[in-house]
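> With the hints as constraints, model all of the structure from the sequences given.
There are 2 protein chains.
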Amino acid sequence: MLLGLTAGLAQAQPQQADSVFIRKIYDETLARGKSYEWLRELTKQVGPRLSGSEGAKKAVVWSKELMEKEGFDRAFLQDVMVPHWVRGAKEEAYIRSGKQKLVVPVAALGGSVATPPKGIEAQVVEVKNVAELEKLGTAGVKGKIVFFNRPMDPTKINTFEAYGGAVDQRANGATFAAKFGAVGAIIRSMTTLLDDVPHTGSMRYGTGVPLIPTAAISTNGAEKLSSLLKENPALTFFFKQNCESLPDAPSHNVVGEIKGTEKPDEIIVVGGHLDSWDLAEGAHDDGAGCVQSIEVLRVLKALGYKPKRTLRAVMFMNEENGLRGGIGYADYAKKNNEKHLAAVESDNGGFTPRGFGIVGTAGQKKQVMGWKELLAPYGLQEIGPGGGGADIGPLAQQGTALFGFKPDSQRYFDIHHTAVDRFEAVNKRELELGAASMAALVYLLDKYGL
Amino acid sequence: MLLGLTAGLAQAQPQQADSVFIRKIYDETLARGKSYEWLRELTKQVGPRLSGSEGAKKAVVWSKELMEKEGFDRAFLQDVMVPHWVRGAKEEAYIRSGKQKLVVPVAALGGSVATPPKGIEAQVVEVKNVAELEKLGTAGVKGKIVFFNRPMDPTKINTFEAYGGAVDQRANGATFAAKFGAVGAIIRSMTTLLDDVPHTGSMRYGTGVPLIPTAAISTNGAEKLSSLLKENPALTFFFKQNCESLPDAPSHNVVGEIKGTEKPDEIIVVGGHLDSWDLAEGAHDDGAGCVQSIEVLRVLKALGYKPKRTLRAVMFMNEENGLRGGIGYADYAKKNNEKHLAAVESDNGGFTPRGFGIVGTAGQKKQVMGWKELLAPYGLQEIGPGGGGADIGPLAQQGTALFGFKPDSQRYFDIHHTAVDRFEAVNKRELELGAASMAALVYLLDKYGL
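Residue numbers (UniProt numbering), protein chains in the order written: chain U, 1 to 450; chain B, 1 to 450.
Keep in mind the hints are simulated off the structure, nothing from the lab. Treat the hints with care, since some could be wrong.
As the list makes no split between identical chains, a pair holds if one copy fits it or if it spans any two.
[What the hints assert, rightly or not] Below, a list of computed lysine-lysine pairs in the DSSO-like style, where the Cα atoms sit at most 30 Å apart:
{"hint": "1", "residue 1": "K372", "residue 2": "K263"}
{"hint": "2", "residue 1": "K156", "residue 2": "K24"}
{"hint": "3", "residue 1": "K224", "residue 2": "K366"}
{"hint": "4", "residue 1": "K156", "residue 2": "K372"}
{"hint": "5", "residue 1": "K334", "residue 2": "K259"}
{"hint": "6", "residue 1": "K263", "residue 2": "K447"}
{"hint": "7", "residue 1": "K224", "residue 2": "K99"}
{"hint": "8", "residue 1": "K44", "residue 2": "K90"}
{"hint": "9", "residue 1": "K156", "residue 2": "K447"}
{"hint": "10", "residue 1": "K301", "residue 2": "K58"}
{"hint": "11", "residue 1": "K44", "residue 2": "K301"}
{"hint": "12", "residue 1": "K224", "residue 2": "K34"}
{"hint": "13", "residue 1": "K34", "residue 2": "K230"}
Please read all numbers here as calculations on a predicted model, not as lab measurements.
In structure tokens, the structure reads:
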């Protein structure tokens, strides 16, 4: 074992040949890359693709056909059952204060129930967090709409940290509000921008509380509501939404594969999620990750690279409101006794690369951080412990090392879960550099193992 | 001297207090920053501001008033004479091939002469570089329009390198073409994108050759022209432009200053250029650099920081087509016996920060690279030898250390020198992070000297 370990470490030293091959990966991706045109197809021809929707079905067909056209060794579907929530007719909302009636943009949160057909109108209590809500208690909340208005912290350098510090309101706000007798919950959109676009996203109901309707309000709407409340605490808020949860629907992960030449039973996954929110083209979230993952296999194939291990591009279904694809993929792996060495996910947008977060053993982290010198010339300076990705997360239990692609985070929450997450918001070079970065990592993982 | 040197080095070690203060700089800039709203004013209320234009005059007034309003110790103008080139009526251009007449987008290059009032129509020779042109010689070129069609290399990771490898065509193409008897020169726009937007920019005429008109063509237009030429080498190209160079005009650098408390005679400059191309709002180029520089002084003042040295925010005039402001500023410094310790410029766009390029002695580079640990948490990993900036360049002769702010370069040439370099192309957080990065560097330079 000691000998094996030493040999492994020696082998893991990057070589001049790696530097040359990685340069070729970037050249191919930047000069002849296909990811950008694929993304145009996925966003403009397929469009929004929430789990269970027609768009999601089309996306499954589209990506399988693409993998076949690109001549991967095989492309196949994995059956998964997914939640099927539908928004229904567009929401309506306004603030009524005295004679003033101010329309504000809202969007039902994914998983929310509808309001009664005529909508709900009630007084509003504004809180920043659950502690404030508990202080108000049933006496202060009953019969009212709770307005969660804690902004994302703009001083966080990584915007995902700011998101992490605010998204509890969206996920659990309705449950806490209902506990104290509220009739609805309105959540400030998850963005540091002040704008007029509501940001949807998933929420869940806790057990033992009434299911009250909940919606996101645009940040400008939230600011307005907050300032009007200071003038007139007795104002009322009206909203109407028509969403519902239908029975689970059959759907699929889509997997493309290039067979390994030396260790075909060791699998390296690179993936993103194929579903998107219904309001959006899902360009950054996560069309980008999907086309980048397919591009990784295309580029390695175009360069004539014969992987030692089996490489898979996986389009996970239903990350947004259920993670059924990610869970299902890990279940299939276990059932089929597949050994997954590593999984790389891109689900933080198609922005300019900064690095990779690693979930694995100390030894694995050390090994991959040892590749920094090879990757830093391409802007990948942030390689170290960090998150992997929601869809690949379930593989961790099988000992798979996880790698989360880490692009620059500054613009992500400008568009996240909104109608402006469009193809036009993606920069071609940034998208391609991400794909090349993932291909370089996959190449090193394949060549040196872990 | 040795003692002084040692003391200097010891003093240059960053401390915990620096880390705390730099965090405060980022907090102030991200939570209460003003640069984004200032940029909105500069781009939307002032607008395009080419040297000698009404817009440039307005921009001078706007920035001086802003510095006064922000309560800097003083704000003053420096007189400079600047080139005054005007575009005149919008250009027209088309490719005529057989019966086909295809309109293509062009923009006169800054400094170019006009065509005759009726325009020029001539056959076209396409070349990738001067060597190809020389090979064609007068026999192949005389009476024709030379079409320079060497693309920017998309495989360069830093797009400024790709620009550097192609921009000779724009700067000198007309001169070389005229040498062989061409009647005009058409230059492929400086971008890796394929789009319909012509990118203007400066050109200069060499001595001893006729002044022939020259214009940029959009990259899609260039692709079309190139493919039609393959079908029909005898096709003709028509273009008409009405630009002219008027006599030099009086203008100004605008300087805001906070006086140093310990070494008021040592000056640290932070700046950008106030002029922009006439087609553009000049948001990234270089409205961003201007508002970031003023923000540096505002933030340090807002935090109650009393600089040891004198800090200046300098709005240089006429970077785009003459550099008179940068040259003039250095001349004033010399004439007034001012000691400029360091100068920081932001003129690569208001994108997410990656680092700083340093022009200085080996010791200065080493010292500043020693601050990496303080700056890396903010995404500033690329701190090392590199370019300073065009406007601050002339200060190098006086021994001033130069620092070029280095934002991510991927999106810059999508918009550079075009009508789409608009406020909307700037992301608030990215702009603010740049300002904070510059403020952090200025703080360290002020505290530790060089």
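> Hints first: check each against the structure and report whether it holds.
Each hint, compared with the structure:
1. Within a single copy, K372 and K263 get their C-alpha atoms as close as 26 Å, which meets the 30 Å cut-off; across copies the closest is 42 Å, which misses it.
2. Proximity of K156 to K24 under the C-alpha cut-off of 30 Å is restricted to the inter-copy arrangement: shortest distance 12 Å between copies versus 36 Å within a copy.
3. With identical chains, the CA atoms of K224 and K366 are never at most 30 Å apart, being 50 Å at best within one copy and 51 Å at best between copies.
4. Both within a single protomer and between protomers do K156 and K372 lie at most 30 Å apart by alpha-carbon distance, with minima of 25 Å and 19 Å respectively.
5. Taking identical chains as interchangeable, the C-alpha atoms of K334 and K259 lie at most 30 Å apart only when both belong to the same chain, with a minimum of 19 Å there against 69 Å between chains.
6. Taking CA atoms no more than 30 Å apart as the test, K263 paired with K447 passes inside one copy only; the shortest distance there is 11 Å, against 58 Å between copies.
7. Proximity of K224 to K99 under the C-alpha cut-off of 30 Å is restricted to the intra-copy arrangement: shortest distance 16 Å within a copy versus 60 Å between copies.
8. In this homomeric assembly, K44 and K90 come within 30 Å of each other (Cα to Cα) only inside a single copy, at 21 Å, whereas the closest approach across copies is 34 Å.
9. Only between protomers do K156 and K447 lie at most 30 Å apart by alpha-carbon distance; the minimum there is 25 Å, versus 37 Å within a single protomer.
10. With identical chains, the CA atoms of K301 and K58 are at most 30 Å apart within one copy only, with a shortest distance of 26 Å there and 56 Å across copies.
11. Taking the shortest alpha-carbon separations for K44 and K301, only the intra-copy value of 27 Å comes in at or below 30 Å, while the best inter-copy value is 49 Å.
12. For the homomeric pair K224 and K34, the shortest alpha-carbon distance between copies (21 Å) is at most 30 Å, but the shortest distance inside one copy (44 Å) is not.
13. Only between protomers do K34 and K230 lie at most 30 Å apart by alpha-carbon distance; the minimum there is 26 Å, versus 53 Å within a single protomer.
Violated hints amount to a single one, hint 3; each of the other numbered hints is respected by the structure.
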